[in-house]
Structures are given as structure tokens and as C-alpha cells.
Amino acid sequence: MDALLVPSSLPNCHAQPSLAARPPLARRVRQRALAGGIMLALLQLVCAPPARGAESETGQVLKAPGATLYYEVRGPDRGTPLVLVNGGPGYDHTYLHRSTAWDELARSRRIVFYDQRGNGRSPALAADQTCTVRDQVADLEALRQHIGSERIDLLGHSWGGYLVMAYAARYPQHVAHLVICDSAAPKFADTVFLFKDVYPETTSRQEERAFAERMGDPTPHQTSQREYFSMLFYSPEKRDAFIAAGPAPYNRKVNHAIVADLENYDLNPELGKFGFPTLVLTGRFDMNVAPAVAWKIHRAIPGSRFVVFERSGHLPFYEEPAEFIRTLEYFLAAP
Numbered sequence: 378m379d380a381l382l383v384p385s386s387l388p389n390c391h392a393q394p395s396l397a398a399r400p401p402l403a404r405r406v407r408q409r410a411l412a413g414g415i416m417l418a419l420l421q422l423v424c425a426p427p428a429r430g431a432e433s434e435t436g437q438v439l440k441a442p443g444a445t446l447y448y449e450v451r452g453p454d455r456g457t458p459l460v461l462v463n464g465g466p467g468y469d470h471t472y473l474h475r476s477t478a479w480d481e482l483a484r485s486r487r488i489v490f491y492d493q494r495g496n497g498r499s500p501a502l503a504a505d506q507t508c509t510v511r512d513q514v515a516d517l518e519a520l521r522q523h524i525g526s527e528r529i530d531l532l533g534h535s536w537g538g539y540l541v542m543a544y545a546a547r548y549p550q551h552v553a554h555l556v557i558c559d560s561a562a563p564k565f566a567d568t569v570f571l572f573k574d575v576y577p578e579t580t581s582r583q584e585e586r587a588f589a590e591r592m593g594d595p596t597p598h599q600t601s602q603r604e605y606f607s608m609l610f611y612s613p614e615k616r617d618a619f620i621a622a623g624p625a626p627y628n629r630k631v632n633h634a635i636v637a638d639l640e641n642y643d644l645n646p647e648l649g650k651f652g653f654p655t656l657v658l659t660g661r662f663d664m665n666v667a668p669a670v671a672w673k674i675h676r677a678i679p680g681s682r683f684v685v686f687e688r689s690g691h692l693p694f695y696e697e698p699a700e701f702i703r704t705l706e707y708f709l710a711a712p
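Per this note's numbering, the very first residue in the sequence shown carries number 378; after that it's consecutive.
A few of these clues could be false.
[Unchecked claim] Listed next, the in silico DSS-like pairs over lysine-lysine satisfying Cα-Cα at most 30 Å (straight line):
#1 Lys573 with Lys615
#2 Lys673 with Lys650
#3 Lys564 with Lys673
#4 Lys573 with Lys650
#5 Lys440 with Lys573
#6 Lys630 with Lys564
#7 Lys615 with Lys673
#8 Lys564 with Lys650
#9 Lys630 with Lys440
[Said to hold, decoys possible] Label-pair distances were calculated between CB atoms; the ranges are:
#10 Ala699 with Arg451: 14 to 24 Å
#11 Pro500 with Asp574: 33 to 43 Å
#12 Gln437 with Ala503: 18 to 28 Å
Don't read these hints as lab results, they were simulated from the structure.
Glycine residues also receive a C-beta, built at the ideal position from the N, C-alpha and C atoms.
Using the sequences and the hints, build the whole thing.
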């Protein structure tokens, strides 16, 4: 299967020269992702089964400069909105709805969901439309302007964690609080995947199916999704309930476009400049992104907070919603 997603470029970043281009990394990243069957895109695949209430949700459309975006707002129109940036690339936001955490948080604040360009209810990519990290950062800024908030709270999960770090480096003046949840490393090649060490028999089968897919056989995809999901959870009950929701739609064109661009960037030099409150979260049993990755991100951001969910894998907001809500509300309430 295709996998992936890693940082790439930050146009006009306040420390733009430090974003070093590293084309060779991208090739190594792709090789690791395909060989290990653990792509961050899949990571979202894990998170992306049809969402609770997704079929009935109603949102709005924003015509940004370079793309049209679907978005949805829940909760009262007061305070600083929390914008959720889902994982992928190549998946939409609906897997987030599988958790009860967001509806609880929306009782006292605005929660904004959106589909990244080319995904979900946002229109498919046009033949001449680009889809880069630069584009994704620009789309997020267009959404911020559209909802009319000078500053926003940002939460990014998985690939979304990388994207919010990139946005925060480009637009630090618009970030009130930053939450980085089970995110890929600031330089994707540094991301540590544990699947092959903990689930060797499963990852071996995934490698075989990935080869078949690259040779043009579409049939292994659904089985690979189920197997991938099976490795993302701490709780067997939570795992089974999540998988029972069914496979997630996956946009390979978007995934490949972002992956091709991610090879150019390294966000590490930017993290030390973050001056806003930052919370770094991880599940203790996250096999998709080892907790050591989150720890290093935390250590690189001055004054950041680090929280481990002891009974979670890659989706702590799904496996431990009550503790996740308490943690998030406490952090967002701080100045």
C-alpha cells in the first residue's frame, strides 16, 4: 500500500533559510513506508473509517485562493476556535468523528473540522492543481481568515501534526495554542515505526500486498487496511469496534503529491522558535509513531508540555476520550 507523509516546505517562513531541502530523504522515506507497510497515510487510514454521523453532517464551502474546501463548525460562537487537522495525507476528517471527545469539547467552544484539498467533501484535485505542503499551509490560513479569528487553537493528528507544525512556523502570530498528537517527526525520515518489530507476521503480509498493488492488483487494499488498523490500538475492544466501522476512502493522488513534496523539508530548525503554548501528546503503545518521536518534538520546543496516554495506541482521543478531554481542556484554558 502507499504510505506516508512528511514535512516539506514552508514558503516565507520566518526562518525560511533554515528549511533545508533533502531530496534523498524522500526516497528513503517512501522506501521505508512501502516496505514496512506503515505509512503515515495509512496511519490516517487507521483513523479514517466512516465517521460517526459523517453521512448526516452538514458543513459549508470555502473558496480559498488555490482550492475549494469543505468545513464544518460545531459548538457555540465564543472564545478561540479549535481547528482540527486530520492525518493522511489522502484521507478526510471523518475518522475524527469516531471519537466522542470533540462533541464534548464543543459544548463550550467552537470546533472546526475541514477536509484538506482533494479529499472528502472538498473537490477532487483538478488536472492542473498543485497539492504541496505550501498549499496545505495556505489553505489552513485561508480557513483561519474565513472563520474570522485573529488567533486559533490548532490540533494536528498524525500527518496533521506535521502540518500544524509547518503552519505554526509560517504563521506564529495566529497560533494561540498548539497541540501535536501522535505526529510524524519534523523530518519524516526520523519517524520511528514499530510495526515490523511488534507485528512481524502482519507487516510481512503487508509488504507482499504492497508489491502486488504496485504491480497493478487492486484487491489487496481492503485486507491491508484491516490489518493496518489492527496494529493501531491498545484495547482489543476499541480496535474491533473501530475496524467494524469499515474501510476508509483513500485518495492516492493526494497522497503521492504530498509525499513527493515532503522530501524537501526539515522542520527541526523551526521548533525552537515556537513561543506559544504547545502540548505534545502520544499513546504509550503507538506502533505507527513511536512515543520517542513525540518526546523529541517536546524537547525541541521551549516550554512545551508532554503527556502520554498509558492505555492508547495511535488514537488516544478514541481510546481514552475522558482523559483526553481533561488534558485538552486544562491546556487550552491556560493563557
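Hint by hint, here is what the structure shows:
no.: 1; hint: Lys573 with Lys615; result: 22 Å, holds
no.: 2; hint: Lys673 with Lys650; result: 15 Å, holds
no.: 3; hint: Lys564 with Lys673; result: 11 Å, holds
no.: 4; hint: Lys573 with Lys650; result: 35 Å, violated
no.: 5; hint: Lys440 with Lys573; result: 42 Å, violated
no.: 6; hint: Lys630 with Lys564; result: 22 Å, holds
no.: 7; hint: Lys615 with Lys673; result: 28 Å, holds
no.: 8; hint: Lys564 with Lys650; result: 16 Å, holds
no.: 9; hint: Lys630 with Lys440; result: 21 Å, holds
no.: 10; hint: Ala699 with Arg451: 14 to 24 Å; result: 19 Å, holds
no.: 11; hint: Pro500 with Asp574: 33 to 43 Å; result: 40 Å, holds
no.: 12; hint: Gln437 with Ala503: 18 to 28 Å; result: 21 Å, holds
Checked against the numbered hints above, the structure violates hints 4 and 5; every other hint is satisfied.
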